[in-house]
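K.L.:
Sequence:
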Amino acid sequence: MNYFKHLFALIALTFVTALPMVANEGEDGKLNVSEIVVEHIKDSHEWHVTDFNGKPIIIHLPVIVHTNTGWHIFMTSEFSHEAENGMRKGPYNLALCDEGENAGKVVELDEKGNILSIPFDISITKTVAVMFINVIILLLCVVGSARWYNKRSVDDSAPKGFVGFIEMIVMYVVDEIIKPGVGKGYERYVPYLLTCFFFIFTCNVMGLIPFPPGGGNVTGNIAVTFFLAFCTFVIVQFSGNKHYWKDIFWPDVPTWLKAPIPIIPVIEFVGIFTKPFALMIRLFANMMAGHAIAVAIICIIFMMASAGVGMLAGMGMLSVIMSIFMMCLECLVCFIQAMVFTMLSATFIGLARVEPEH
Numbered sequence: 001m002n003y004f005k006h007l008f009a010l011i012a013l014t015f016v017t018a019l020p021m022v023a024n025e026g027e028d029g030k031l032n033v034s035e036i037v038v039e040h041i042k043d044s045h046e047w048h049v050t051d052f053n054g055k056p057i058i059i060h061l062p063v064i065v066h067t068n069t070g071w072h073i074f075m076t077s078e079f080s081h082e083a084e085n086g087m088r089k090g091p092y093n094l095a096l097c098d099e100g101e102n103a104g105k106v107v108e109l110d111e112k113g114n115i116l117s118i119p120f121d122i123s124i125t126k127t128v129a130v131m132f133i134n135v136i137i138l139l140l141c142v143v144g145s146a147r148w149y150n151k152r153s154v155d156d157s158a159p160k161g162f163v164g165f166i167e168m169i170v171m172y173v174v175d176e177i178i179k180p181g182v183g184k185g186y187e188r189y190v191p192y193l194l195t196c197f198f199f200i201f202t203c204n205v206m207g208l209i210p211f212p213p214g215g216g217n218v219t220g221n222i223a224v225t226f227f228l229a230f231c232t233f234v235i236v237q238f239s240g241n242k243h244y245w246k247d248i249f250w251p252d253v254p255t256w257l258k259a260p261i262p263i264i265p266v267i268e269f270v271g272i273f274t275k276p277f278a279l280m281i282r283l284f285a286n287m288m289a290g291h292a293i294a295v296a297i298i299c300i301i302f303m304m305a306s307a308g309v310g311m312l313a314g315m316g317m318l319s320v321i322m323s324i325f326m327m328c329l330e331c332l333v334c335f336i337q338a339m340v341f342t343m344l345s346a347t348f349i350g351l352a353r354v355e356p357e358h
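Going by the numbering used here, 82 is the number at position 82 of the sequence shown; the sequence numbering is gapless.
Accuracy of the hints is not assured; some may be wrong.
Said to hold, decoys possible - Each pair of labels, with its calculated beta carbon distance range: (1) TRP148 - HIS48: 36 to 44 Å; (2) PRO91 - TRP245: 52 to 60 Å; (3) ASN114 - LYS246: 54 to 62 Å.
What the hints assert, rightly or not - Lysine-lysine pairs mimicking DSS-like chemistry, simulated, CA-CA at most 30 Å apart: (4) LYS179 - LYS246; (5) LYS184 - LYS246; (6) LYS160 - LYS179; (7) LYS184 - LYS242; (8) LYS89 - LYS105; (9) LYS112 - LYS89; (10) LYS179 - LYS242; (11) LYS105 - LYS55; (12) LYS258 - LYS246; (13) LYS179 - LYS275; (14) LYS258 - LYS275; (15) LYS275 - LYS242; (16) LYS89 - LYS42; (17) LYS42 - LYS105; (18) LYS179 - LYS151; (19) LYS275 - LYS184; (20) LYS246 - LYS275; (21) LYS55 - LYS89; (22) LYS242 - LYS258; (23) LYS42 - LYS275; (24) LYS42 - LYS55.
Simulated from the structure, these hints should not be mistaken for laboratory data. These figures come from a predicted structure and were not determined experimentally. Even glycine gets a Cβ: it sits at the ideal position worked out from N, Cα and C.
Whenever a hint applies, use it, and build me the whole structure from the sequences.
P.N.:
Spelled out as structure tokens, the structure:
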């Protein structure tokens with residue numbers, strides 16, 4: 001019974017955190033669901049937590065840009081609170097766009113207030129800040145578990161509690177995913193593949209928490225998934241043996257399929273890039289869609305609030321049930337997506353190292 005109480009408390013906290021969404025109304029006074037969903041899944045220079053008494057509670061983040069006058073570093077709190085022509089002006093002739101094609105970007109203005117250029121921006125955005133927090137949490141979990149083993153010998157009993165949970169996941173990933181996927185010599189790839197699994201899993205789980213330090217859509221950001229897929233791509237190419245490259249440029253197929261028109265070699269060469277592309281899109285699309293659906297279901301309650309008590313009671317209860325179902329499903333998806341990315345990466349590495357059959 002206590003588990004159900006904790007689950008309902010978490011859902012209630014999610015709704016309380018989602019209350020500021022009511023403020024996002026269109027010109028007709030209705031709830032703008034599409035704007036709410038996009039605002040939740042996109043990156044931003046400011047970390048909007050919630051609204052209290054009509055005032056937004058914002059975690060200000062560092063802005064690091066390079067303009068024609070050099071590097072500039074300041075906090076987003078130095079941008080004005082009121083927008084002028086869709087822009088909030090700040091120091092060094094810079095402004096943060098809230099509307100238009102440059103929405104969410106820092107731009108450089110001329111003396112007349114027109115957009116002069118878009119500076120080189122390496123600011124600590126919400127996604128980057130959440131990713132740093134996730135990395136710190138992951139390091140604390142892994143390093144803490146590793147210190148337990150440093151104080152024990154082989155003859156000691158198996159670990160319990162949190163350390164035992166970490167060991168169970170590590171052994172499962174290594175024995176059931178990495179070892180069968182990579183094959184012989186899998187040991188050298190275990191550190192990278194375990195890092196991918198735990199990083200993706202941590203980011204996915206923290207993304208389910210609707211308040212800081214969670215709430216970030218890290219794996220739903222295509223830049224993050226692109227970098228993860230790119231790392232796998234590089235490792236696969238450097239791990240490829242002679243047989244791997246032979247199967248790409250001169251496979252064992254009838255000669256007319258590879259010369260004079262290299263039909264099969266071209267297909268195999270394109271496959272080098274489609275594999276990491278599938279890794280990138282699969283993780284990005286699944287996590288982004290999960291966040292969007294969860295937020296959209298919560299919005300049903302506020303949409304029905306203006307339709308009367310009867311509609312609010314009926315659809316509100318349905319929305320709560322669907323939210324609980326989606327939360328449980330998302331917890332499962334967090335593990336599945338981390339497992340799938342690791343499994344496919346291990347499989348691609350194993351295919352690049354396969355030996356020819358004699």
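K.L.:
Does the alpha-carbon distance linking LYS242 and LYS258 stay inside the 30 Å limit?
P.N.:
This hinted pair holds, its Cα atoms lying about 18 Å apart.
K.L.:
Can the restraint linking LYS258 and LYS246 be considered satisfied, given a maximum Cα separation of 30 Å?
P.N.:
Holds, because 12 Å separates the two Cα atoms, which is no more than 30 Å.
K.L.:
Can you confirm whether the C-alpha distance between LYS160 and LYS179 stays at or below 30 Å?
P.N.:
holds (25 Å)
K.L.:
Can you confirm whether the C-alpha distance between LYS275 and LYS242 stays at or below 30 Å?
P.N.:
Judged against 30 Å, a Cα distance of about 19 Å means the pair holds.
K.L.:
Is it true that the CA of LYS42 sits at most 30 Å from the CA of LYS275?
P.N.:
holds (26 Å)
K.L.:
Indicate whether the distance between the beta carbons of ASN114 and LYS246 respects the range 54 to 62 Å.
P.N.:
The hinted range 54 to 62 Å holds for ASN114 and LYS246, with Cβ atoms some 58 Å apart.
K.L.:
Quickly compare the C-alpha distance for LYS89 and LYS42 to 30 Å and report which way the hint goes.
P.N.:
holds (22 Å)
K.L.:
Please work out if LYS246 and LYS275 have their alpha carbons no farther apart than 30 Å.
P.N.:
Holds. LYS246 to LYS275 sits at ~18 Å (cutoff 30 Å).
K.L.:
Given the hint that LYS275 pairs with LYS184, test it: the Cα-Cα distance must not exceed 30 Å.
P.N.:
holds (22 Å)
K.L.:
LYS179 and LYS275 were given as a pair; does the straight-line alpha-carbon distance stay at or below 30 Å?
P.N.:
Distance of about 20 Å is within 30 Å: holds.
K.L.:
Given the hint that LYS184 pairs with LYS246, test it: the Cα-Cα distance must not exceed 30 Å.
P.N.:
holds (20 Å)
K.L.:
Are the Cα atoms of LYS42 and LYS105 separated by 30 Å or less?
P.N.:
holds (12 Å)
Violated hints are absent here; each numbered hint is respected by the structure.
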